[in-house]
Structure formats: structure tokens, C-alpha cells
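Undergrad: When the letters of the sequence shown are read in order and numbered with the numbering used here, they come out as residues 411 to 632.
Watch out, some of these pointers could steer you wrong.
[What the hints assert, rightly or not] Subject to a maximum C-alpha distance of 27 Å in a straight line, what follows is the list of computed BS3-like cross-link-like pairs (lysine-lysine):
(1) Lys582 with Lys485
(2) Lys505 with Lys580
(3) Lys505 with Lys528
(4) Lys485 with Lys528
(5) Lys485 with Lys471
(6) Lys582 with Lys505
(7) Lys471 with Lys505
(8) Lys582 with Lys471
(9) Lys553 with Lys471
(10) Lys485 with Lys580
(11) Lys505 with Lys485
(12) Lys485 with Lys553
[What the hints assert, rightly or not] Label-pair restraints from in silico Cβ distances:
(13) Arg570 with Asp543: 24 to 34 Å
(14) Ile516 with Asn617: 45 to 55 Å
(15) Gly576 with Leu501: 36 to 46 Å
(16) Thr456 with Asn490: 22 to 32 Å
(17) Phe627 with Ser465: 23 to 33 Å
Hint data in this document are derived by calculation from the structure and do not stem from the laboratory. Source: prediction; values computed, not measured. Ideal Cβ placement from N, Cα and C applies to all residues, glycine included.
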Amino acid sequence: MLLRGRVLPKSTIFGGFTSSSGPDHTGPTEGGDNDFELLEGDVNTTIIDGVPAISFSDRIKNILFREMELTVIVKLLGHNIGYNALHNRILSLWKPVNSIRIMDTINGYYLVKFHAIKDYNRVLSQGPWTVYDQYLTVQLWTKHFSPAQPYPSVVLAWIRLSNLLGHLYKRKIIEAIGSFIEKMVKFNVQMDNQTRGRFACLAVYINLEKPLISQVFVDGAV
């Protein structure tokens, strides 16, 4: 991690997220500076090649990861957007029932934390979302995310399964196939045999850092 001198937004200094939209409903993902204590062994410090290094125990990491539940990463492609402008736009787009919290990072990435799982799931499963006629990428937060990367590594994409045998067009079967390919968030099954035939469209999150899957075997058939 490089340390560089720059003026930080207030939201990135203390508390992290700035709350917005509606009444604040504290839920299981609500975090705070005093929610946990640092015990002996939780903080390890050393010097590596003359550079100070600090690391935290798995116990602390798990606490911090839990506080990031119901958090998504957003980035507006092809356009720089300020905090206030994005804040107003996503409230208008998503219309969350409960309050959300927003934190700006670097490279145009923002973290959005939801208090209601319904709001969280709806934002992930619907879309595509556009702001100023530009695509607003929305991806799940994971512990591997780094705002240092210039472009998102995970994108939402629709894939089509068009050669399934007729008896396989069942909700549970389609869900199993989609979850096997990637993390699935939504699907649609076309069942009209007389006009367009049968096919299934799945909305899945694709990791662009991994080889893309172009086909899959289902019960021995491609």
C-alpha cells in the first residue's frame, strides 16, 4: 500500500460511510468504531525491507468482513462523477426503501452499503443502470476487491441456454445450471414452443480475470 499526500473526503476519515435516504434503520450489518476490541495478538507489526508493515488477525478480519455485508461497488464508466451527483442519481434510480450509506474511494469507485436486503437484491438483480447515459457498473463487494484497478473485474452479463432438452426447463434445474456457471442473480425462461422455441436467459456475474465459459455440459450434452 502506497502512502500519498492528498486531501481526503471527510467520509473516508472517520466512520467510512455517509448515511443518506430516509430514516436510519440499524441492522445486523451496522458497524462502528466501538463494536469490537483489539485483543492481544490481533495486531502484528514488523519492518520489511525498511518499510513498516502491519497486519491483523483472522478474528479482526472476519469482524470487518461481516460489517461489509450488503455492500456493493459502483463505478460510472466513461464519465467522472462527484459524490453529491452520484448520491442524488442513485437515490432517484434505485429508490431504496431503507437508508443507504455511500463512501467514495479512488479511481471513481464508490461503496454503497444497504440496510435492507430487499434493496440490495433489487439493485443487483435489476438494471442495467445508467447515469448521464453512461453505464453504472454494480458488483458485489468481496474481500479481494481493490480500488487500485482502473476498471471493474466483475460485470453483470446475460447468457443464453438454447439447447436444453425439454424436460430440463424447470426453475430448480435452471437455477442449478446458472449457479454452476457463475453467481446467478436472475433468470428468464421462454416456454412458447409455437413462436420462438424454448430457451433460458440467465443474469450472472462474470469475473473478467478468469477464462470465460462459452459452453457447458448438461447431462452429457453441450
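Undergrad: Can you give the numbers of the hints that this structure goes against, from lowest to highest?
TA: 1, 2, 6, 7, 8, 10, 14, 16 and 17
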